[in-house]
Amino acid sequence: MPRIPVGPIWTGFIRSLFALGAVYLGLIVIGTLWDVIARAIPQLHAPVWLSTVIEFGLPSSAMLAAPWLVRTRGHVAMELINAALSARQRKALLAFTDLAAAGICLFVARYAGLAGLDSFERGEVAVRAVDVPRWYLYAILCSGLTLCAIEFLRHAVLAACSTAPEETTS
Amino acid sequence: MPWYASMGLMIGLILSLMALRIPVAFAFLLANVIGVFIFMGGHFGLVQLAANASESLMNYALLPIPLFILMGELFFHTGIAERVFFVVDRLMGRVRGRLSYVAIGGGTLFSALSGSSLGNVAMMGSSMYPEMRRIGYSDTLSIGPIIATGGLAAIIPPSGLAVVLGSLASLDVGRLLLAGLVPGVLLALGYAALVWTLTIIRPQTAPDYDVPQTSGREKLRLAVVNLLPMMFIIFMVMGLIVLGIATPTEAAAFGVVAVMIVAAFFRRLSLHAVARAAESAMKISGMIFMIILASTTFSQILAMSGATRGLVGWVNGIDASLPQVLVAMALVLLLFGAFLEPVGIMLLTIPVFLPLAQSYGLDPLWMGVFILIFIELGLATPPFGMALFVMMGATEGKSILAISRAVIPYLLCTLGLVVVISAYPQIVLFLPSLAGR
Amino acid sequence: EEVLRGVAALPPNNVITQSFLQYVEMVNEAGKGIVSIQVIGGPEAIPPTQQDTALRNGVIDIQGGPAGYYAGSVPESEALTGATITAAQARQNGAFELLRNAWRSRLGAELLAWNGSGTRYYIYLRDMPEFDADGNVLLSGKKLRSAGTYRDWFDALGAENVMMSQSEVFSALERGVVDGFGWITFASDIGVNRLLKARVGPAVWQGSPVIMMNGARYDALPEAAKTVLQEAALALEAKITAEMPARIAEEEERLKADGISLVEPEPEAAARYEDLAYSVVWTKLEADLPDYAAKIRPLLYPDR
Ligand code: NA
Ligand code: NA
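Chains as they are written, first to last, in this note's numbering: chain A, 772 to 941; chain B, 10 to 446; chain C, 65 to 368.
Next comes chain A alone, as it looks inside the complex:
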């Protein structure tokens, strides 16, 4: 049986989510231009859902980008005690913080999931320019954080398996 290259496929997936987030940023630019131009020209009208799509772009792009930023260590962290630690201690600390971050992501994702399910069952909507089911927002948060957790865990596991002092990806 041929081995499925899970690693590269997963990396490609996370990477394409990030790219999708960047594309969404581009769409926000185009949507805003469209909105303004349509308003300035009396014959044109921008669709009502446009402002809602733009607003959803902010949390969506953030959550699409977040897992890849975890992978590339793109989320900023303080480097206050690094100098005081040996390479070994630094590695151990990094593994510990990766695990802690993974745990907290899963934890909050779980409650976002629960709240989303509840909201779905109750049929709640967020009243915007067009009404949007409220569970969308929970779903975005829940999936983004879950993927972040997987990436933090991946860092921790790779660190445990490797003997190199620190993984460097960028």
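Be a bit skeptical, because a hint or two may be false.
[Said to hold, decoys possible] Just a few of them, taken from the derived set where beta-carbon distance is under 8 Å, the chain C residues facing chain B:
id	residue
1	Gly105
2	Gln114
3	Ala118
4	Val123
5	Ser231
6	Phe234
7	Ser235
8	Ala236
9	Gly255
10	Ala313
11	Leu353
What the hints contain is simulated information worked out from the structure, not anything from laboratory work. Every residue, glycine too, gets a C-beta built ideally from N, C-alpha and C.
Please arrange chains B and C with the ligands on chain A, whose structure you already have, making use of the hints.
Then chains B and C with the ligands, alone, in the frame of chain A:
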């Protein structure tokens, strides 16, 4: 739990988690969960945390942040930024620290185009900083002015934060905006004077390199060819606002397009450059948004715990002279600025500080500007300073310590201005008084 | 003593929050030793649109603010906007009971008071409007800053909805990105009077601020505490209804002093304008909740 215990607990928690090198956003999330357990109760408190977090980014006012970051990255990746620096070098000759003055001028100009401090910092950071570092500018002369003048965006009109403040305090928004203009310009001049002083005291912090002699004719040609297109970008942002076609937020999108048009004019626009710019912009704004999500909920939990109200109430309760009360307010605003986000700070302090100030005979407009200046300071004070984080993203690799150190002289300069406007409130109040009622 | 954790939806300088705080004061005064409300914050503690979730889950016990913020979870609340009667009348004719049931079933919440009856809605413009041959105020084609509440009404008027956050309203008005906006009677609060020339009447709709409480928490209270809460609610509603004319007059004086004309079309045109505004609310409710609308419309919107 008394308010100071709650506050000490939450602040101690976030500080230790950050010190452990947990990424800032996730350190906030972890502190939030612990705070929720203590102050809201287990299961339903956590549901509430998820509810609040899910909505924290659904805010149209955040839109300029990614747009201005994109604009700055396009400046950089299409090479327009480099071109502008080249021209500045030729035009300004051997003025020491000239790019620092350009950063101050550009940041101030941009403050008049936008109301978003973070967008401003990100724009200037990603377009100017890499080149300044390459040429050999020290952090104090590159990172410092960029963060400092970036903050002016909320003080110099237009300013989204000032409008929010005006409506929270039932102040005339137009007069509040006018009140910010003179202090904003004074701050910019103060920063320029600071750069001048620094280049005198420590000349080695600004690179000194030979610039080829340029004739007046050549200077004129360079200026026309390179700076006129820049005017076009400024028109696309400011012109559309002034003509009433777009709001400051929307104008940011036109800024992005204008940079692309200018890049095309210089034949520097390529799919590759746009893709690189979009990637960098997504990196920075994704990081910033994650922090905003987590820190907004942190502010909310701190408010739920009663800690912030307790502190604000303490200021209200002290029976002291006006200068002492102002110092107490300043300390509270600095502390909040170090840990909370701007709108949260305003919601907490305005209802108490404004009436208190009025009871001492202070003009509420003056107090509004006072609060705005401290909110700007808060964006640049560690450990939690959004402008510092934006800069960490834009510099890819600078530590928070290095960035904070670079900004300190400018923060002191800002505090100096606070002292000046406290002694001479007319500096703030003169312009709005001309606007009549 | 029972201590209830209260939250306001809006900042303290807002009229709706002020009336909620009045209620808190009344309860704390009358309920000494029995029940009291401790206000733990406002929008800085829990975002206004998430306060329904907080109340339903018991994170907070009592909340005061416009029902519009959670129209997505209590769609029946929009009926209040289309009301032409006072809170006291709504209690008398059974409309309040229908609303109370809706709050119970949707949010598990006890509806305590409708503390904003008498607050009305207007369109505020940066230029004096023109009239057509029939005396109607010409609003068609005007660009109006909008939000969920106004969307369908502005559409029906032929105006253009411009969705933007409140932090942009000043700059948008100043530069003419928008020609005006919809707001309640108390427009001075938002600080843009200097940019306005006209307030277009007649007043339509009513404000939907209410005070509500977590249902389970309410049910578990001793009778004496419930009585304090309910009596304070009645007293608050009566007080607000009684004070409203003077407060409206005060606001109108302030608007006039700031150079804003209070535009009122001729009676026939005014009636058309009113009918349109109300029909938008009721048409939407009839489409979304036909049974409910059929029951409550004749009560809240009689004689039409
Ligand atoms: Na500005
Ligand atoms: Na800070």
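Exercise. Which numbered conditions among the earlier hints are violated in the structure presented, ordered from lowest to highest?
Worked result: Numbers 10, 11 - these are the hints that the structure violates, sorted from lowest upward.
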